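Asks: Residue numbers (the working numbering), protein chains in the order written: chain A, 3 to 175; chain B, 78 to 235.
No lab work stands behind these hints: they were computed from the structure.
Every value quoted in this text rests on a predicted model; they were computed, and no experiment measured them.
A virtual CB, placed ideally from N, CA and C, is assigned to each residue, including glycine.
Treat the hints loosely; a few may be bogus.
No more than 20 Å apart at the CA atoms, straight line, and that leaves these computed lysine to any residue pairs for SDA-like [said to hold, decoys possible]:
| hint | chain 1 | residue 1 | chain 2 | residue 2 |
| --- | --- | --- | --- | --- |
| 1 | A | LYS107 | A | ARG73 |
| 2 | B | LYS210 | B | ALA117 |
| 3 | A | LYS66 | B | LYS97 |
| 4 | B | LYS101 | A | LYS42 |
| 5 | A | LYS42 | B | VAL110 |
| 6 | B | LYS210 | A | LYS66 |
| 7 | B | LYS111 | A | TRP61 |
| 8 | A | LYS42 | B | LYS210 |
| 9 | A | LYS42 | A | ARG32 |
| 10 | B | LYS101 | B | ILE113 |
| 11 | A | LYS10 | B | PRO118 |
| 12 | B | LYS111 | A | GLU4 |
DEER-style ranges, computed between Cβ atoms [what the hints assert, rightly or not]:
| hint | chain 1 | residue 1 | chain 2 | residue 2 | range |
| --- | --- | --- | --- | --- | --- |
| 13 | B | GLY180 | A | ILE77 | 40 to 48 Å |
| 14 | A | LEU17 | B | VAL85 | 35 to 43 Å |
| 15 | A | ASP167 | B | THR79 | 27 to 35 Å |
| 16 | B | ILE161 | A | ILE154 | 38 to 46 Å |
| 17 | A | PRO127 | B | LEU226 | 33 to 41 Å |
| 18 | B | LEU87 | A | PHE24 | 29 to 37 Å |
| 19 | A | ASP167 | B | GLN141 | 37 to 45 Å |
| 20 | B | PRO165 | A | THR31 | 15 to 23 Å |
| 21 | B | GLY148 | A | PRO63 | 51 to 59 Å |
| 22 | A | LEU157 | B | ARG99 | 38 to 46 Å |
| 23 | B | LEU214 | A | PRO63 | 28 to 36 Å |
| 24 | B | ILE234 | A | ALA16 | 26 to 34 Å |
| 25 | B | LEU142 | A | VAL62 | 42 to 50 Å |
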Amino acid sequence: MEIIKKFKAPLIIALLFLLLAFLLPEIATRSAAVSLSYFKEMALVLPPVFMLMGLLEVWVPKEKIRQLIGRESGIKGMFFSFLMGTLPTGPLYMAFPMAGALLNKGARVSNIVIFLGVWAAIKIPQLIAETEFLGLQFTALRFILTLTAVIIIGLIMERLVKTTDMPTMIEQK
Amino acid sequence: MTTIVIYVLLAILLALSIIKDRQKTRQAFMVAVKAIWKMAPGLLAIIGVVGLILGVLPPETIAQLVGSEAGFTATITAALIGAITLIPALISFPLAASLLRSGATITTIAAFITTLVMVGFVTAPLEIKALGKKFTLLRNGLSLLAALLIALTMGVIL
Chain A
3 MEIIKKFKAP LIIALLFLLL AFLLPEIATR SAAVSLSYFK EMALVLPPVF MLMGLLEVWV
63 PKEKIRQLIG RESGIKGMFF SFLMGTLPTG PLYMAFPMAG ALLNKGARVS NIVIFLGVWA
123 AIKIPQLIAE TEFLGLQFTA LRFILTLTAV IIIGLIMERL VKTTDMPTMI EQK
Chain B
78 MTTIVIYVLL AILLALSIIK DRQKTRQAFM VAVKAIWKMA PGLLAIIGVV GLILGVLPPE
138 TIAQLVGSEA GFTATITAAL IGAITLIPAL ISFPLAASLL RSGATITTIA AFITTLVMVG
198 FVTAPLEIKA LGKKFTLLRN GLSLLAALLI ALTMGVIL
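Here chain B stands alone, though its shape is the one from the complex (with noise of 0.2 Å):
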């Protein structure tokens, strides 16, 4: 679906392109192949780093480590198990969802979501990258704390 919708929308835009200007699509074309090469490196890296991780823990793992058991460690658990792995937001959902049936608390599957969502240490090189390492330090940092102030006020709220 959302594939879709960018194909679209690069067919669009790259058809006023080349009708405006020959020279400056060619341009745009050299532009968007030479960041690829850039980050084809990091890329590989991170497709082949996920697998591995993924492969030696699998969400029914991931299951029983964030555990249906409440307190603080199992939280900093998930929150680290989150910021670790790489899981499509649309599968961590309904794992979540078992894990509050089985017995985890609010607070630690909403530290699981959010730093899953927010923090990438396995995108990390990727970032750096594109936005430098102060940036990337900073960002995953303060959002590895954001999440478990975020997972502690949901869990004292609901």
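Next up, chain A with everything else stripped away, as it sits in the complex (with noise of 0.2 Å):
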């Protein structure tokens, strides 16, 4: 019973699709193949993240994330937040456990807004796709502002966000 209730919205969402597929089964079909190709995808990124923020969780200590992306980390913490976001590929979503895990260790609110936004927004691989499909003019614009943008969202939140907001996905011992 319990289980039912914590997977509600995965099953009101399959409910959906039975009704799709009955009522208009040209659209279930190509959902059910959007879905798919999405849950592969989950099924083989999500595990290593997890075990990835898991080790971190017990390997790094605190003091380590304090001084490298921490309240007195100055620029030198912001340059790191956005050379850990500009490695990685794969979909936003997938950084928000990582996020999670850096702010209960510490890190600076603004830093993990900066993280978050360049992930999002202007990872290296993502760039390059960017600049052969809309040109470097486009991009290097594109790139700039969001920069700019990403590290203004991240100081206006540092104000209004106190770290006690935040839920932790880490049990506390």
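Each chain sits in its own coordinate frame; assemble them with the hints.
Replies: If you want it as structure tokens, here you go:
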């Protein structure tokens, strides 16, 4: 019963799929194909991402994170957060667990916003594809404007969001 | 490609961790399992909703909706579609390029791409689980606003 309650949302969506399969089979087939490809991607990439998060949680001490991207990390912390965001690829939702773990460990809110923003909008593999399709001028300008926006959003959010507003995914002992 | 990098990185770190301390490695594994279990309903829901949305709105339909018209309405529509849908960036760039060729403005395309990557309605429940309601609302709200400003600026400059 508790499991049904926990998985309420996906169950409702599964029912929607069933309904759609009867009413609009064409759309249902297309939807199922999209969902399946996303499921494959998640099943492949998320377990190692969560395991990396587990290793981070166990091995990296709070002081280290605080020093690198914490309150007093300054420009260096911003740069480091930027760097962490540019390297990976994959959709943004993959970064949420990692971002949550880093915040738990004492990272600065603005740095986490920069990390997420860079991961979302300006990571390197994505920029290469963008240049190819939309040109260097478009890509370079969007890069500069987005980076500026992300830093400003980070600084605004740091004033409004307290660490106590954060849930913890990892149970504290 | 990315997947290979992640797995290689994990394999190296995991090996180091096991050599150094088996107990701690087990602990890390438990943290990972618990977090996955906690996020599982949200993840499954996202997979389903993305499928439903893209089933109803395949890339061709999105192209029609964003359209080739100029004007503010087209830009707002593009921004909203970008915020709601979850299309891999590598698919969105060729889509954007073809829209541009068929007459959409730089502003519209920039709004579409920027909200697509920065704002996620579908993934919001997951973001709330990991980072909290306030963080999620602010990040997505401010990003939507920023996307429109970025788009307008790009339209003026390019």
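Asks: Does each hint hold? Answer for all of them.
Replies: Verification of the supplied hints:
For the hint pairing LYS107/A with ARG73/A, the CA-to-CA distance comes to about 12 Å; that is within 20 Å, so the pair holds. Of the supplied pair hints, the one linking LYS210/B and ALA117/B holds, its CA atoms being roughly 18 Å apart against a limit of 20 Å. The suggested pairing of LYS66/A with LYS97/B holds, with an alpha-carbon distance near 19 Å, which does not exceed 20 Å. Between LYS101/B and LYS42/A the alpha-carbon distance is near 30 Å, which puts this suggested pair outside the 20 Å criterion.
Among the hinted pairs, LYS42/A with VAL110/B is consistent with the structure: their alpha-carbon atoms are about 18 Å apart, no more than 20 Å. A hinted pair counts as satisfied when its Cα atoms are at most 20 Å apart, and LYS210/B with LYS66/A does not qualify at roughly 27 Å. Distance check on the hinted pair: LYS111/B and TRP61/A sit about 17 Å apart at the alpha-carbon level, within 20 Å; holds. As the CA atoms of LYS42/A and LYS210/B are separated by approximately 28 Å, the hinted pair breaks the 20 Å bound.
Restraint check: the Cα-Cα separation between LYS42/A and ARG32/A comes to about 16 Å, which is no more than 20 Å; the hinted pair holds. With a CA separation close to 18 Å, the supplied pair LYS101/B and ILE113/B stays within the 20 Å bound. As the CA atoms of LYS10/A and PRO118/B are separated by approximately 8 Å, the hinted pair is consistent with the 20 Å bound. With a C-alpha separation of about 16 Å, the suggested pairing of LYS111/B with GLU4/A holds against the 20 Å cut-off.
The hint said 40 to 48 Å for the Cβ distance between GLY180/B and ILE77/A, and at roughly 43 Å that hint holds. Restraint check, LEU17/A to VAL85/B: a C-beta distance of roughly 40 Å satisfies the suggested window 35 to 43 Å. In this structure the hint that ASP167/A and THR79/B lie 27 to 35 Å apart at CB holds, the actual value being about 31 Å. A hinted range of 38 to 46 Å for the beta carbons of ILE161/B and ILE154/A is inconsistent with their spacing of about 24 Å.
Separation of PRO127/A from LEU226/B is about 26 Å and departs from the stated range, judged on CB atoms against 33 to 41 Å. For the pair LEU87/B and PHE24/A, the supplied restraint of 29 to 37 Å is violated, since their beta-carbon distance comes to about 42 Å. The hinted window of 37 to 45 Å between ASP167/A and GLN141/B holds, with their beta carbons roughly 41 Å apart. Roughly 20 Å separates the CB atoms of PRO165/B and THR31/A, a value that falls within the hinted 15 to 23 Å.
One distance hint, 51 to 59 Å for the beta-carbon pair GLY148/B and PRO63/A, holds here, with the actual separation near 55 Å. The given range of 38 to 46 Å is respected by LEU157/A and ARG99/B, whose C-beta atoms sit roughly 43 Å from each other. Distance hint check for LEU214/B and PRO63/A: the Cβ-Cβ separation is about 32 Å, which falls inside the suggested range of 28 to 36 Å. Take ILE234/B and ALA16/A: their Cβ atoms lie about 47 Å apart, and the range 26 to 34 Å is violated.
The supplied range of 42 to 50 Å is met by LEU142/B and VAL62/A, whose beta-carbon atoms lie about 45 Å from each other.
The structure shown violates the earlier hints numbered 4, 6, 8, 16, 17, 18 and 24.
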